[in-house]
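Since the structure of chain A is provided, determine the placement of chain S on it from the hints.
So the sequences go chain by chain: A and S.
Residue numbering for the first sequence follows our numbering, starting at 1 and increasing by one per position.
Residue numbering for the second sequence follows our numbering, starting at 1001 and increasing by one per position.
Calculated from the structure, these hints are not laboratory results.
Beta carbons: idealized from backbone N, C-alpha and C, even for Gly.
Hints are not guaranteed to be accurate.
Claimed, not checked - To give a feel for the contact side, a few chain S residues facing chain A, derived at Cβ under 7 Å:
#1 Asp1041
#2 Cys1046
#3 Tyr1047
#4 Asp1048
#5 Gln1052
#6 Val1103
#7 Val1105
#8 Ala1109
What the hints assert, rightly or not - Derived pair list, reagent style EDC-like, types lysine to aspartate or glutamate, alpha-carbon separation capped at 20 Å:
#9 A:Lys349 x S:Asp1041
#10 S:Lys1112 x A:Glu393
#11 A:Lys126 x A:Asp3
#12 S:Lys1189 x S:Asp1041
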Amino acid sequence: MADLTSNFIGISSPNPFWLASAPPTDKEYNVRRAFEAGWGGVVWKTLGEEGPPVVNVNGPRYGAIHGADRRLLGLNNIELITDRPLQQNLEEITRVKKDYPDRAIIVSLMVPCEEQPWKDILMAVKDTGADGVELNFGCPHGMAERGMGGAVGQVPEYIEMVTRWCKKHTKMPVIVKLTPNITDIRLPAEAALRGGADAVSLINTINSITSVDLDAMSPEPMIDGKGTHGGYCGPAVKPIALNMVAEIARNPETAKLPISGIGGVTTWRDAAEFMALGCGNVQVCTAVMTYGFKIVEEMISGLSQWMDEKGYTSIDDFVGMAVPNVTDWQYLNLNFITKAVIDPDACIKCGRCYAACEDTSHQAIEMSADRVFSVKDDECVACNLCVNVCPVEGCITMKEIPAGEIDERTGKPVEKAYGNWVDHPNNPGNSCASG
Amino acid sequence: MTNSPMTKGIASARLPIDSYTQNFADLHPPFDAHEAAVAADRCYFCYDAPCQEACPTDIDIPLFIRQISTGTPEAAALTIFEQNIMGGMCARVCPTETLCEEVCVRETAEGKPVKIGHLQRYATDTWMNKGTQPFERAPVTGKKIAVVGAGPAGLSCAHRLARLGHDVVVYDHREKAGGLNEFGIAAYKSVDGFAKREVDWLLSIGGITVENGKALGEDLSIEGLSAEYDAVFLAIGLGGVNALRADGEDMQGVEDAVDFIEGLRKADNKSTLAVGRNVVVIGGGMTAVDAAVQSKLLGAQNVTMVYRRGKDRMAASEFEQELATAKGVQIIYNAQPVALHGDGAVSAIEFEYTVQDGDQLNGTGETIKLPADQVFKAIGQTLIAPEGLTLDGRKIAVSETGQTSRKGVWAGGDCATGGDDLTVTAVAEGRDAAMDIHATLMA
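Excised from the complex, chain A in its bound form (with noise of 0.2 Å):
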């Protein structure tokens, strides 16, 4: 059986998946269960300045978007960092800690933005034995407008100085967390990286309103009338973390910086796609807001047989494996031809790709009178439309035109060359060059 152990900049777990800082990590008794459950370990939820803890609403914390059968697809929150007194969550932690050291406890921090505060709070939790610290720069509601959080993460001076500060006041490993909400993502990775991150982890939740209560006429969650944005997590927002992971693991700056993976991460599956993209663990949280934490356990049972299909013998073997594939539009290969093609037995006969294809796309698809769906080759484009729409998983699959078949659409045979649109003759740009 693989070994699923992970050792995340020096920080050892027996498996890669990490709860996120987040409502499931804010007390020991939820942390302990998590523990029980196996979750390798956790990012303790976010820990204030000493003094009177912060206060959370008392009104609705959380709004969703649901799929059909109310599956749970996005999560979005106005919950604060911890409301309780950080002395109580420094003897807890150091009490979960002693009890569980195979176990990463890693303690999540947020302060105002000046040098005091963080030596101060990194001091207070150097002796609660805790694996390594997050630096919480990306929770966007609340804490923000108070200069903290996604307010020091829009900034990447400010996540430079802050890491600085971190890294001259302490000898645990320190990790920056990200906010989504920015432009490119690289910035502020390589600010982190500048000030002596020893990795990132991203992405935090991103800013939104999840719907509009039509009778009251506010956004949701409403508290006495009244919404304001949120952070969103959970399935809906995976694309998104993904892709800004990929866009830091394959930046040349920040390529060797280590990848805490966190964003809709709900099956092994997940996990393993944000690994393969480069991350050396994953963080979890609104899988296990929705399902509890005995998710861990298909996550350790599934990302351990599919190493084993693919003999992978530890999870270095793959941490990374896709990144080299992520690629600008520019160098795709447009020679590389492919056609829809419709299974007529698994095909239930819905119509939903013709429907697709002949209101919103190429008319490339038939529709006989007895309801057999089939594919004009003269125009599909291959965009994939079809696949996505079928409720049938494998009836529309894409089929490969090999070199030197003639493409029906264009009536040229396919040609075997790679070629991008860098050197494609309608590129301006190349007629220049070429010109």
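For chain S alone, coordinates are given in the frame of chain A:
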């Protein structure tokens, strides 16, 4: 309780009194909002949906299900009522397993169709529980139309005509409107006086007068109606019952299943209804199933349904057959009645086994004898043909839009040709005839 299922002969109160309420409760309890949401989620919103094609009233099923799933069951109800004003009853009695749900792509995919009938009921109940009429009448046209028969075809036609601004008088030979919706379906398919409520609700559009106790051929004639009205729509159903043509058919204890079913519909207290210890139902359609199942529910000890042909030819759907057997009815296929035995009252019935040879059904000579205190005949109803109209086989010949051979006279529902004898077909035919009458009168 003095009687039990084993009490000999025909007797009432065979069961504890509570059992009747339980036995005749809603066959399919309605969906609550959660169940409806879960069921609606399963619809794929097919292109040119097969379910809609299969619906005799052409209800836009994917649209109404999407309307349910987006929290607007009232809009869903309007989508249904626009095509089928008796969508509420059809949701209860349609053999969906042989119509919309049979062709649902999820039936193809998983053997479990979207519960279209239940969803239709959810939508229509939501609307009808508010009691309001969904449609307004067009300005009054001054045209007057006679409808004969207050069953689904007649009422559907009347509603559409009234909606178009015509004035309608509906005649019915019974003392209560509703036709087979009221009197002809199993009690557990339409509970709590739904048929009556639906009729009252349908009539609330205005412009429709119902005259009960008036029968064609007795109080009314086509001649007279044609003279008095601008158009006539006949929806008189099938008033006659086929005979067994077996010895002893007139013995005591031998009844028409439709009368038994009507009696059940009329009885408020089912424990007062007498049923045999050994009941035999002859026939293979929905009426036979309804009679057999309800005999069992009334406390008969043994109920046997006997059909002269094979299972594959049975008119009652697979679902109906399974319902019957699940309730404890035994079904014997390939046996035809030859004689009833008894001394004044029936005590046994004799059948001969049959084999199908192409279209020909032949007796094998081998017979069986079943004990029977009560025999229900459910071998089909026949048209009592009105004078002066061309027939096609045993029904009134009509065009696609319901025109009969006589100018100004339309017909639809079970009495006319075209389609199966189903509530939903009757509603479609009534509606389509109304549109044609309207087009003809306003031309």
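Hint by hint, here is what the structure shows:
For the restraint placing Asp1041 (chain S) at the interface with chain A, the shortest Cβ-Cβ distance is roughly 4 Å, inside the 7 Å limit, so the hint holds. Hint status for Cys1046 (chain S): holds, given a least beta-carbon distance of 4 Å to chain A, under 7 Å. A least Cβ separation of about 3 Å between Tyr1047 (chain S) and chain A falls short of the 7 Å threshold, and the interface hint therefore holds. Nearest Cβ of chain A to the Cβ of Asp1048 (chain S): about 6 Å, under the 7 Å cut. The hint holds.
Because the closest C-beta pair between Gln1052 (chain S) and chain A is about 12 Å apart, greater than 7 Å, the hint is violated. The beta carbon of Val1103 (chain S) is not positioned within 7 Å of any beta carbon in chain A (closest approach about 9 Å), and the interface hint is therefore violated. Hint status for Val1105 (chain S): holds, given a least beta-carbon distance of 4 Å to chain A, under 7 Å. The beta carbon of Ala1109 (chain S) is positioned within 7 Å of a beta carbon in chain A (closest approach about 4 Å), and the interface hint is therefore held.
A hinted pair counts as satisfied when its Cα atoms are at most 20 Å apart, and Lys349 (chain A) with Asp1041 (chain S) qualifies at roughly 18 Å. Our distance criterion of 20 Å between C-alpha atoms is met by Lys1112 (chain S) and Glu393 (chain A), whose separation comes to about 18 Å. Proximity of Lys126 (chain A) to Asp3 (chain A) is assessed by CA-CA distance (about 30 Å); at most 20 Å being required, the pair is judged violated. Between the alpha carbons of Lys1189 (chain S) and Asp1041 (chain S) the distance comes to roughly 26 Å, so the proposed pair goes past 20 Å and is violated.
The structure fails to meet hints 5, 6, 11 and 12 from the earlier list, while all remaining hints are met.
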